[in-house]
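Novice: If you want the building blocks of each chain, they are given just below.
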Amino acid sequence: MKRFLIPLAIFLVLVGFLAIGLKLDPREVPSPLIGKPAADFKLALLSDPAKQLSPADLRGKVWLLNVWASWCVSCRQEHPVLLDLSRQGIVPIYGMDYKDQPGDAQAVLNQYGNPYVETVVDLDGRAGINYGVYGVPETYVIDKNGIIRYKFTGPVTPESLYKKILPLVKELQK
Amino acid sequence: MIPELGQFSLILALLLALVQSILPLAGAARNIPAWMSVARPAARAQFLFVAIAFGCLAYSFLTNDFSVLNVTQHSFSRLPPIYRFAATWGSHEGSLLLWTLILGLWTMAVTLFSRHLPDDMVARVIGVMGLVSFGLLLFMITTSNPFVRMLPAAMDGSDLNPMLQDPGMVAHPPILYMGYVGFSVAFAFAMAALISGKLDASWARWSRPWTTAAWAFLTLGIMMGSWWAYYELGWGGWWFWDPTENASLMPWLVGTALIHSLAVTEKRGSFKAWTVFLAIGAFSLSLLGTFLVRSGVLSSVHSFATDPARGLFILAFLAVVIGGSLLLFAFRASQVGLGGRFALVSRESFLMANNILLLTATGSVLLGTLYPLFLDALDLGKISVGPPYFNAVFVPLVTPLLFLIGVGPLARWKQAKVPELASRLKWGFAASLIVALLLPLTLGAWKPLVSLGYLLALWIVVTVAIGVQGRLRTTTAWSANFYGMNLAHLGVAVTVIGITMVSSYETERNVRMNEGDTVTLKNYTFIFKGAKDHDGPNYQASRGTLEVSRNGRHVTTLYPEKRTYLASGMPFTESAIDYGFTRDLYVALGEPLGGGAWSVRLFHKPFVVWIWIGAVLMAMGGVLAITDRRYRITSRKKERGAA
Amino acid sequence: MRPWMIMLTLWLPLAAMANEASPVAADPVLEQRMIGLSENLRCLVCQNESLAGSRADLAKDLRQEIREQMSAGKSDAQVVDYLTQRYGDFVLYKPPVKPLTWLLWFGPFALLIGAAGSLYAYIKRRGSRLADQSLSKEEKKRVEALLGNNGNES
Chain A
1 MKRFLIPLAI
11 FLVLVGFLAI
21 GLKLDPREVP
31 SPLIGKPAAD
41 FKLALLSDPA
51 KQLSPADLRG
61 KVWLLNVWAS
71 WCVSCRQEHP
81 VLLDLSRQGI
91 VPIYGMDYKD
101 QPGDAQAVLN
111 QYGNPYVETV
121 VDLDGRAGIN
131 YGVYGVPETY
141 VIDKNGIIRY
151 KFTGPVTPES
161 LYKKILPLVK
171 ELQK
Chain B
1001 MIPELGQFSL
1011 ILALLLALVQ
1021 SILPLAGAAR
1031 NIPAWMSVAR
1041 PAARAQFLFV
1051 AIAFGCLAYS
1061 FLTNDFSVLN
1071 VTQHSFSRLP
1081 PIYRFAATWG
1091 SHEGSLLLWT
1101 LILGLWTMAV
1111 TLFSRHLPDD
1121 MVARVIGVMG
1131 LVSFGLLLFM
1141 ITTSNPFVRM
1151 LPAAMDGSDL
1161 NPMLQDPGMV
1171 AHPPILYMGY
1181 VGFSVAFAFA
1191 MAALISGKLD
1201 ASWARWSRPW
1211 TTAAWAFLTL
1221 GIMMGSWWAY
1231 YELGWGGWWF
1241 WDPTENASLM
1251 PWLVGTALIH
1261 SLAVTEKRGS
1271 FKAWTVFLAI
1281 GAFSLSLLGT
1291 FLVRSGVLSS
1301 VHSFATDPAR
1311 GLFILAFLAV
1321 VIGGSLLLFA
1331 FRASQVGLGG
1341 RFALVSRESF
1351 LMANNILLLT
1361 ATGSVLLGTL
1371 YPLFLDALDL
1381 GKISVGPPYF
1391 NAVFVPLVTP
1401 LLFLIGVGPL
1411 ARWKQAKVPE
1421 LASRLKWGFA
1431 ASLIVALLLP
1441 LTLGAWKPLV
1451 SLGYLLALWI
1461 VVTVAIGVQG
1471 RLRTTTAWSA
1481 NFYGMNLAHL
1491 GVAVTVIGIT
1501 MVSSYETERN
1511 VRMNEGDTVT
1521 LKNYTFIFKG
1531 AKDHDGPNYQ
1541 ASRGTLEVSR
1551 NGRHVTTLYP
1561 EKRTYLASGM
1571 PFTESAIDYG
1581 FTRDLYVALG
1591 EPLGGGAWSV
1601 RLFHKPFVVW
1611 IWIGAVLMAM
1621 GGVLAITDRR
1631 YRITSRKKER
1641 GAA
Chain C
2001 MRPWMIMLTL
2011 WLPLAAMANE
2021 ASPVAADPVL
2031 EQRMIGLSEN
2041 LRCLVCQNES
2051 LAGSRADLAK
2061 DLRQEIREQM
2071 SAGKSDAQVV
2081 DYLTQRYGDF
2091 VLYKPPVKPL
2101 TWLLWFGPFA
2111 LLIGAAGSLY
2121 AYIKRRGSRL
2131 ADQSLSKEEK
2141 KRVEALLGNN
2151 GNES
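Protein chains in written order, with my numbering: chain A, 1 to 174; chain B, 1001 to 1643; chain C, 2001 to 2154.
The set of hints was computed from the structure by calculation and includes no laboratory data. Some hints here could point you the wrong way.
[Said to hold, decoys possible] Each computed DSS-like pair below joins lysine-lysine, with the alpha-carbon atoms no more than 25 Å apart:
# : chain 1 : residue 1 : chain 2 : residue 2
1 : C       : K2124     : B       : K1414
2 : C       : K2124     : B       : K1417
3 : C       : K2060     : A       : K99
4 : B       : K1198     : A       : K2
5 : C       : K2060     : A       : K2
6 : A       : K23       : A       : K51
[Stated by the list, open to error] Looking from chain C toward chain B, a few residues come up when the C-beta cut is under 10 Å (computed):
#  : residue
7  : A2021
8  : R2042
9  : A2056
10 : D2057
11 : A2072
12 : G2073
13 : A2077
14 : L2092
15 : K2094
16 : L2103
17 : Y2120
18 : A2145
The beta-carbon is built from N, C-alpha and C at its ideal position, and this holds for glycine as well.
In isolation and in its complexed conformation, chain A is listed as follows (with noise of 0.2 Å):
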């Protein structure tokens, strides 16, 4: 009776629903920010702490903010590829030093390189708040107007710069 097999394709639509959630991350937390405007701040600058920046001054260009600190191990592992990026020229690349110190903060750019054009300093980690950071490390892509485009969680690996943030830069610089 027809009836009958209405638990076995229940059970098979649950099946493929389990077999895609074998794929995706139950803890990924995707941003409401997209397409909202980038959120305000004024932090002191890493390199000078009495000078100051804010997002409305990097209006008129794209820019990736990179949220990192020195106490983060996986930071180490996307500091390479950022490295490189920031010698090719193509975007610059603003840090935001993570509920950190400054002084381990500076030790580990004198160590391992400075990607950043600047880096900021989020010490109670308000500001970070404010862009939906739960974990380091993070980078935005943000546009001309400064509007977040688009949100990487975790460190930066050569398939997801080429593939997804470059293309997207670029196409945003146009």
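Start from chain A and add chains B and C according to the hints.
Specialist: For chains B and C alone, kept in the frame of chain A given last:
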């Protein structure tokens, strides 16, 4: 040497499981007694080798054999011996071995207690269980081998997760698995019935004790998990609607529906197809739970670290076992026949209402647990579904169910006499209502949910009394089934009271305490005597001392600790609890605030132990019911053959 | 009086009195409110823990943020808005009721009503399908002998 022995035993067990399933099932289909008789010996041999494998793994843990990868990842030389033993099942691989061991144990039990069953039924039941064993062993050997060596051997292990270093770890998984896995017996009976086409009241009578036994174990297993979470995690919560908890609750809900449905099928021969479906459902949910916890598909405090390849294998296993059984069900269910007729208001219909409520509750838990996955898979965004949802949906579904506990047992089979029911119950209802409305006032604030909780609990108690009194008027003969049922229902009432009281009347203080400071909580005075170093075998700790008194008299001394485990460096809070029949006093150290001061959290939790006492009563009721004489008729049934 | 005597008289009562511990939170009422709200919010970096109970750094930061917002007079709804703007609906343990979640919120009750209706229809249909057979006196006696006292129990 020993790990290799274990590995070899697993392979032997795999081959034996194959023999255990193919020969008896084919033998039953072709009526070849010689093949069918292979079932019992093959099953026992399979169990023996799985037990040997388990023993080898346990031995590796107990002797700190850090050349075995599993031991290195989950143990530590300074871990107390009992936890080294429990660490055998502290990993995905080890717990899978435990699963297989317990499946072998239940199969063994079936081989021993099935003398009264027809040979072809025994062959089919053991054969189906053999197929499940085969799948698990194959999974273990190919993707989750607990005996993988690491060379060179490590100097020491990474330690067992501190949360698992607890008596709860020793007891909770084995008992829980006895329940989960025990539903495989009901499943196998259902499959045997579908395959043979012989599905009648005697099938129900044979399945019932096995199902009730598994259900009782699962009740205890869930209860232990809840109690363990209470004293180990967070601030004394006892249920978080975490995916892993839901994974164990769902088979329990369907299992409860199943034991009630079996009652109808046994007594009246009705709802056979439905009962078979529930038997498939309960075990399917056990398997689904196993998948959810190990596949990485859901985020849980409790999930095992795994990789997608394993998840895929379990999913395939799930698809084959559940899909296959549902397919068989679709083809054979219509041939099952109808059974006795009954009226719209009768014990049968009340039991079916019970089933509908339980199944809807199961559906809501499943929906809530998997909804985030559904939306994410369809790229519709990411949401979370937590306690606010589950409480909002589950409680209204359970309320009518609890009400039915009072009405169902008193209703007649086939046609309930409504006026008679009403007259027996109206005074009980009135009395319960009045007490339920007034009682909260004596405790302080009147809250509607508290009254509801009391009403339902008192209603159950009163109706149990009416039922027992009614029976005693006709006979004083002992009936294990009858009194077991009532004991289990009383257990439900006790749990409801516990939940109601602690949810509504719990009080808490979160204070900074210097040495000598006091705090009062509900007539209890706590004096902080400072914190001292108090190291353990594999951890360093600061241990606080709090003297508790009431009305000037000393009640107890509590020693909450803040530990740092040596191997992992993980910090850990070990709370101190003074258990009591009418209240628990729960104290946890927060952070050191300098100068010997600490932040301390204190709780007064009224009647919280009733939650778990009730569950124990439920399990006891189930066990009592199994001892009923009707399940012990042996040779007569065999002579008469399948009824 | 000599200074030391003054000091003594000031210190003695303090020494004799057992100090009542003060709440950890600066404002216990606000704290209660914050914890109440946080219990229904998700810790984003944990494996399924609430914002209230989590010991993770981000959780501490967000709890502090909520405290400050509440002090500034924001309502619960406004605080929740603040968080969902930055982290999405994922941060809510109580999923919002919107078309996407209608199935979630109303599904169980729809299922209940559907199932109850089906059961009702089934019982009615089944009743008319089965004819009632009555037993003869002999058969009744045999039944009684076999069943003994198991007249009307489960």
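Novice: All hints, please: hold or fail.
Specialist: Hints, one by one, checked against the model:
1. Our distance criterion of 25 Å between C-alpha atoms is met by C:K2124 and B:K1414, whose separation comes to about 13 Å.
2. For the given pair, C:K2124 sits about 18 Å from B:K1417 by alpha-carbon distance, which is consistent with the 25 Å threshold.
3. Our distance criterion of 25 Å between C-alpha atoms is met by C:K2060 and A:K99, whose separation comes to about 13 Å.
4. Straight-line distance between C-alpha atoms of B:K1198 and A:K2 comes to about 21 Å, which keeps the hinted pair within the 25 Å bound.
5. Only pairs whose Cα atoms come within 25 Å are accepted, and C:K2060 paired with A:K2 is rejected, the gap being roughly 55 Å.
6. About 45 Å separates the Cα atoms of A:K23 and A:K51, which puts this hinted pair outside 25 Å; it is violated.
7. Nearest Cβ of chain B to the Cβ of C:A2021: about 4 Å, under the 10 Å cut. The hint holds.
8. With a cut of 10 Å, the hint placing C:R2042 at the interface with chain B holds, because the nearest CB-to-CB distance is about 5 Å.
9. Checking C:A2056 against chain B: minimum C-beta separation of about 12 Å lies over 10 Å; hint violated.
10. With 10 Å as the threshold, the beta carbon of C:D2057 stays out of range of chain B, its nearest partner Cβ sitting at about 13 Å, so the hint is violated.
11. The criterion of a C-beta within 10 Å of any C-beta in chain B is not met by C:A2072, whose closest approach is roughly 23 Å, and the hint is violated.
12. With a cut of 10 Å, the hint placing C:G2073 at the interface with chain B is violated, because the nearest CB-to-CB distance is about 24 Å.
13. Among the interface hints, the one on C:A2077 is violated; its C-beta lies about 15 Å from the nearest C-beta in chain B, farther than the 10 Å criterion.
14. For C:L2092, the interface hint holds, the least distance from its beta-carbon to any beta-carbon of chain B being 6 Å, beneath 10 Å.
15. Using the Cβ-Cβ criterion of 10 Å, the hint placing C:K2094 at the interface with chain B is satisfied: the shortest such distance is roughly 3 Å.
16. For C:L2103, the interface hint holds, since its Cβ comes within 10 Å of a Cβ in chain B; the closest pair sits about 8 Å apart.
17. Because the closest C-beta pair between C:Y2120 and chain B is about 7 Å apart, less than 10 Å, the hint holds.
18. For C:A2145, the interface hint is violated, the least distance from its beta-carbon to any beta-carbon of chain B being 15 Å, above 10 Å.
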